[in-house]
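> Listed below, chain by chain, are the residues.
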Amino acid sequence: MTTIEINEGNDTSVSLPSFSGSSIELKNITKRFGHVVANDEVSLKVEAGTIHGVVGENGAGKSTLMNILFGLYKPDGGSIYLDGNIVDVTSPEKSISLGIGMVHQHFMLVPTFTVLENVMLGNEGSFSLKNGEKTALQRLQKLSSTYGLNVDFHSLISDLPVGMQQRVEILKALNRGAKILILDEPTGVLTPQETIGLFEILNSLKNKGVTIILITHKLKEIMSTTEAVSVMRGGKVVANLKTNNTSPEELAEKMVGRKVLLSIEKKEPKIGNKALTVKNLNHLSKDGVDVLKNVSFSISEGEILGVAGVAGNGQSELLDILSGIEQLQRGEIEINQTRLLPGEKWDPKKVREMGMAHVPEDRQKRGLILPFYNYENSILGYQRKESYSSGFLLDKNKILKLFTETAEQFDLRPRNPNIASNKLSGGNQQKLVLAREIQSQPKILLIGQPTRGVDIGAIERIYEDLLRLKDAGTAILLVSVELDEIMSLSDRIIVMNQGKIVGETMGSNATEIDLGKMMSGLDRTN
Amino acid sequence: MIEGNFLPRWVSIGLIPLINLLLAFLVSGIVIFFIGENPLQAILVMIKGAFYYPGSIGYTLYYTTNFIFAGLAVALAFHAKLFNIGGEGQAYVGGLGVGLVCLALDQSINSFLVTILAVFGSGIFGAFWGVIPGYLQAKRGSHIVITTIMFNFIAASLMVYLLVNVIIEPGQMSPETRDFSEGVGLVQVHKLANYFGISMAVSPFNISFFIALIVSFGFWILVWRTRFGYEVRSLGHSETAAKYAGIDVSRTIVLVMAISGGLAGLVAINELLGVHNKLLLGFTAGYGFTGIAVALMGRNHPVGIFLSSLLFGALYQGGTELDFEFSSITREMVLLIQGLIILFSGALAYMMNPIVEKIYFNYFKGPKNA
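The listed protein sequences correspond, in order, to chains H and C.
One gets the working numbering by counting positions in the first sequence from 1 and adding 91 to each.
One gets the working numbering by counting positions in the second sequence from 1 and adding 1 to each.
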């Protein structure tokens, strides 16, 4: 038990919370949204000073449950016990005062503020910032030395790498006196090295008595860091398990409700002719940053080339240029023996006509128009194709017929063409986009983050579709920040760091450690 | 993903707008009460004035016609997420198109043909006035709201100049052209009825109204059934997705503004070909601006726009009657009521949603265990 007291100039004295460890118990929590029961009599118990995992597919009710715990939603039934006492969490303010802190998946930081300013935000102390800054700084120094959370308090958030920003989020919660820390998908944006760093921090927090609830879909992380795990499916907790007594296979099966293949079988590629060649691609972003530097590679028919790298190292720009969304500035692209040089007209329409399809990284902003009906989205990008229209009118019957066939073939759920695509789960949205692009029978497929926010069950399906397409002779460029995905799908892997290709390896002999080293770059300190 | 509390369609697009409308009338009634008149009697007078007195329906539908054209113009631009505030100027310049065609040709060729050409003239001139801001937005990034407002002023100045100095009928003081020759124009419905032996009260209600209905249907086809409409709606919902889909964003913006301007321009056929039979100063009288409220209330759908146009038409006509009947109520009262309607059904459109949701789910549906 540690209590750290700091006396400031004012008449109040602030103290860091004493971490005797808090246990939290949820009993019969029920939450409805209209007709949908998001949480159905959910009960789970988190022991004090442990790391407790919560896993489940999208829509299983994890986020709803955590939002109830954090006071963002009011439950329709059930109760919350903190250290055995019933508590009423009516708002985030209340929850913070009870010692519950949350690190959201998307950081809630002001990029133009310094670390110190961000931590103080909402907790300034007094009218003048001066005293508050002094106190906050002292507390931060205590916190960071106690838990090994080293950050430069005076650098701007926008200058910090993602892993550091996440530390700031954790510091923010601790500074508010969090005894229970909820982390929502914390490793989605981190490199393997940063992930290791995060789990070191979490372990040290745990050893100091902080209770941690870890929401994730990565079973490996659950297995390596948690003491206990709760599995949610369809709004219910279907299992409360001790991590030691379970396996990833069992967890996956409980999450999905059926047996799931965690590893996929990949056939030897039947390499054909060169389909796409990129030579000395250079690109200057609108802000004048060199986002691509001398990028050269080629992909052959029947081959999957994986592009590994931490998000923001030029992969998105590479996809944008190849798909025609951005203009080619320097270098050349050769598609099926057609050479393209800078200055030539280059747009997504032409790209599609040349037999190149694109499943964009951000399906919600790019790949789909969310308020559109499913059948409308099933022709996005192909709306001018003759087979979809009669005269200048769109032929709704033809589109519907095709949609029904595709939905069947790709197992889209629900298969209703007349519901808006924003009502689909992430996995089904992705299936819709993928189905549309595969439907165009591309010679080359560009695909970015194929399984971001997609459920395990659907991931399996998407991988199968990609491999089938490859076996049929399509050249696939796969960009992903998920190393597991890159390694299990790719025949060849290139690694990007700061706009350059820093390494290349065959898919069969790639290891996570090697790729991780290349991804972090030689000139990068971590 | 969790489905939220969704009200059924008939509540969200039927009941809630109706409640908003009633609220606007309630507040109007309170104002009328404080002026010292009986609100119920005032409403009765308005309703009678809009639908009951001889010729009143004709007047109501005549105003409705203007609002349909202006509303469709705003709605089309809205579908591409463009805020076309320039309907007023586009309608005005559309009038110039009508005027020029009629003045140039009505002495030499068949008057039926002149009328047809004049209708197209209004659309083309209106389109021209919409294309310039559209082009500036698409190619130069000048914000459409600013440019269309400016173009209203430019249109007003241009028309004053032309009507005072160039196309004014020689030898008179008032800034208007000579009458178009006999036979040019869109026939008024009461004359048509008389021709078939049915007696009907005199009103400016003319066949532009039916043109407006046909155009409304065309609007529906264009937006929801054509490739172009698909691209327009894609652009309106997400520009990044539109680019991804290979849609030429600039071209689409320019085209949308052309059609939007053309629709606004058609206000001129109702006013000039249907009623005045000449080009005159200020004939648009704010219809273009009211079109924004009409489109907003009508949720950018032709059926909604028809209904809200009818409402605004009835308000205009009924308001005139209010002015006649009560010494203490002036015509400006209509502006007040209009303002309240726009306030409640536009700016505060979602104010009643939480209350209605609560009542609906607690008393009618009850939470279901689905």
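For the record, the hints were derived by calculation from the structure and aren't laboratory data.
Each residue gets a CB set at the ideal place from its N, CA and C atoms; glycine is no exception.
Check each hint, because a few of them may be wrong.
Residues from chain C that face chain H, not an exhaustive set, calculated with beta carbons under 10 Å [said to hold, decoys possible]:
1) 177
2) 192
3) 196
4) 242
To list a few chain C residues with every Cβ distance to chain H over 10 Å, as calculated [to be verified]:
5) 39
6) 110
7) 111
8) 194
9) 203
10) 222
11) 246
12) 247
13) 300
14) 329
15) 352
16) 360
Derived lysine-lysine pairs resembling DSBU-like cross-links, with alpha carbons at most 35 Å apart [unchecked claim]:
17) C:82 with H:487
18) H:514 with H:327
19) C:359 with H:514
20) C:140 with H:476
21) H:370 with H:327
22) C:359 with H:476
> Of all the hints numbered above, which does this structure not satisfy? Sort the numbers upward.
1, 2, 3, 10, 11, 12, 21, 22
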